Amino acid sequence: MTARLTVAGLAASRGPSTLFRDVSFEVASGEWLAVRGPNGSGKTTLLRCVAGLTRADRGEVLWDGAAARGDARFHASLLYAGHQPGIKDDLSAEENVRSALALRAVAVPDGAVRAALADVGLERRRHLPARRLSAGQRRRIGLARLILDPAALWALDEPLTALDDEGEGLFTRLLERHLATGGLAILATHDDLAPAPARELRIGA
Amino acid sequence: MNVIAARLPAPDSGGSFSAAFSWAFARDMRLAIRHPGETMLVVAFFVLVASLFPLGVGAEPQLLQRIGPGVIWVCALLSAFLSLPAMFASDYADGSLEQMSLSPQPMPGWVAGKIAAHWSASGLPLTLLSPLLGLQYDLAGDTLLALAAALALGTPVLSLLGAACTALTLGARGGGMLLALLALPLFIPVLVFGAGAAEAQASGLSAAPHLSILGAGLIVAAMALPPAVCAAVRIALD
Amino acid sequence: MKIPWFYFASPSTFYRLAGWMAPWFFVLAALFGAAGLYVGLVLAPTDAQQGEVYRIIFIHVPASWMSMFIYFVMACYGGVSLTFNTRLAAMMARALAPTGAMFTFVALWTGSFWGRPTWGTYWVWDARITSELVLLFLYFGFIALANAFEDPRRGDRAAALLALIGLVNLPIIYFSVVWWNTLHQGASVKLTGSTMQIQMLWGMLLMALSFWMYSIGASLTRVRAVILDRERRTHWVRALAT
Amino acid sequence: MRPHEFYIWMSYGMTALALAVEIVALRLRRARSLRRVEEERDLEAQD
Chain A
78 MTARLTVAGL AASRGPSTLF RDVSFEVASG EWLAVRGPNG SGKTTLLRCV
128 AGLTRADRGE VLWDGAAARG DARFHASLLY AGHQPGIKDD LSAEENVRSA
178 LALRAVAVPD GAVRAALADV GLERRRHLPA RRLSAGQRRR IGLARLILDP
228 AALWALDEPL TALDDEGEGL FTRLLERHLA TGGLAILATH DDLAPAPARE
278 LRIGA
Chain B
4 MNVIAARLPA PDSGGSFSAA FSWAFARDMR LAIRHPGETM LVVAFFVLVA
54 SLFPLGVGAE PQLLQRIGPG VIWVCALLSA FLSLPAMFAS DYADGSLEQM
104 SLSPQPMPGW VAGKIAAHWS ASGLPLTLLS PLLGLQYDLA GDTLLALAAA
154 LALGTPVLSL LGAACTALTL GARGGGMLLA LLALPLFIPV LVFGAGAAEA
204 QASGLSAAPH LSILGAGLIV AAMALPPAVC AAVRIALD
Chain C
686 MKIPWFYFAS PSTFYRLAGW MAPWFFVLAA LFGAAGLYVG LVLAPTDAQQ
736 GEVYRIIFIH VPASWMSMFI YFVMACYGGV SLTFNTRLAA MMARALAPTG
786 AMFTFVALWT GSFWGRPTWG TYWVWDARIT SELVLLFLYF GFIALANAFE
836 DPRRGDRAAA LLALIGLVNL PIIYFSVVWW NTLHQGASVK LTGSTMQIQM
886 LWGMLLMALS FWMYSIGASL TRVRAVILDR ERRTHWVRAL AT
Chain D
1016 MRPHEFYIWM SYGMTALALA VEIVALRLRR ARSLRRVEEE RDLEAQD
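Residue numbers (the working numbering), protein chains in the order written: chain A, 78 to 282; chain B, 4 to 241; chain C, 686 to 927; chain D, 1016 to 1062.
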């Protein structure tokens, strides 16, 4: 599969102050883009604009050449995780993963969820409500989603927050596999990851 | 540790209204059942406030019979109002609302599912309980029936209107009071016709005209409000 | 107001335009108001049934019209700002709301001071008065919601959507006297054959024109303040203040 | 205007008062907006 995300002339502001303007980039299958910049520079806003949550002041986001916002094909291909990745405290790790995949209309074969939770080290805790997991373990629920979800485009905001070294290694391998199977990613991160980014985008400098 | 090698196939379809509806309904009902306390609080508030009136205005049976339908309606309306913030606030705070709105599922579907689940956990118990409270007010059998029918038709409208208002106030300052200022005036027509149905029945007239207006209102609200709620959620996430 | 929006939609252009137009609308409001008061209080004869107290309708009816008309215009601006994502339309909606609330309050107040000598009570919970009260709360809700967010654009959009939802209230107010048979009398002015003296009609129309011109003047003045708040970091505003 | 002058005066009086209050509020609002612009400009001039 080949896919291409094109962003042209994107501009966004918060209240009366401009965050960034004229941001353009392109990411194709097998590449990932690192979004870097100091706190408050608009990394999160950029990701939200790309995902279609926040309306940009100007500019366009194209998925395979077609306008992304509101396009069903784009939404089926997008996996977005913000600072708050949408994990319900009252549901167990397994229920959280199943619920998220059902929402994305992904059919999961029997045992796949359990295997994925085993891969991220949550097999024994998979029936605990998420409120009883640590911050890092909650992040690992998100990693289990990354394992199972076939989305071609990842837009992840600080994906390594609260993860330990082993968790970081796991994320790196997931990213490698994602890129190798034709996926693409935009990550807002301060860290240097093993598969080097195809491009870096500095904003708010 | 071995990360699964084979990837799952990409979703073939973008979901459907019914799939989105049942997903949201099942999820919110599961959460409501995990936390029965919230529904219990709504019901307890309803019973408690309705019990305060006879103590406050005096317990003569004639007086209670006359004010009963109106009092029960006002209490149901306030209880339903108090349960409104729960509909979107926690999903907004933990990022679930973002995930839902970015999913390939059609937004009106899961919004309608959430509203239906909210009604099942607030309006439905209130409706089922209202005949019992009516007995406290010494209401006649046919009046009880009219009251319950009016609540059954009216409380879904409250949930629909309330969903729009609570979605509008997501992330706003002064959330609770602001929500009251937005939602309660919009509840007034429902209150007028809902209480009117039981009162008409009690005074020997037919409740049917009021009930048909409530039913028509429910149909219009069910058609028109979910898109408005969708717009409000999009604005909230922007 | 039929202004070529897409030409004047830049806030800085509109700021100057509004500043130039607003005084003229106030002058027109004063002229129409003086004429209306003269016709209503001096020329119009005493009503056979109600006596002098009917003269309250010269402000009551125009204020009620304006309360609904301003809401309608406000909701239209809200709809435009939501569909086309234009800033100026949202600012105009914000600027109209307090004036609309003021006229709604005046309509309710004068109505109750007319109702007391005529019906023997200041307030009746009939459909028209209740729905007019709901309108007042809708205005309050609009103002509160528009100012409840850190990001003013967020407030613009949420309040615009609320205004559109509340639009259903307008037909309820307008037709309430037809749908429900209540104490409140039906419309006094009808398109086909007015039921009233010609002086009374003229008095009411002149007062309505006066309120209308006043509303335009007041909202233009207020929108200038809103523009200043929003654009205070731009060069043209900076240049103004020096 | 007898015997209802009280009601007429209350109506016309309150309308005049409401208009006056709004006009004063508009003037205050404009003054506040201008002051804010100046404050902010002075603040940035110091930086």
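Hints are computed from structural coordinates only; laboratory data are not their basis. Predicted, not measured: the structure shown is a model, and the values here were computed from it. The beta carbon of each residue, even a glycine, is placed where N, CA and C say it ideally should be. Incorrect hints may appear among the rest.
[Said to hold, decoys possible] Here are the in silico distance ranges between beta carbons for each label pair: (1) S94(A) with L58(B): 32 to 38 Å; (2) P708(C) with E1054(D): 24 to 30 Å; (3) M226(B) with G259(A): 41 to 47 Å; (4) G147(A) with A1031(D): 28 to 34 Å.
Practice task
Enumerate the violated hints, using their earlier numbering and listing them in ascending order.
Solution key: Hints 1 and 4 contradicted; others consistent.
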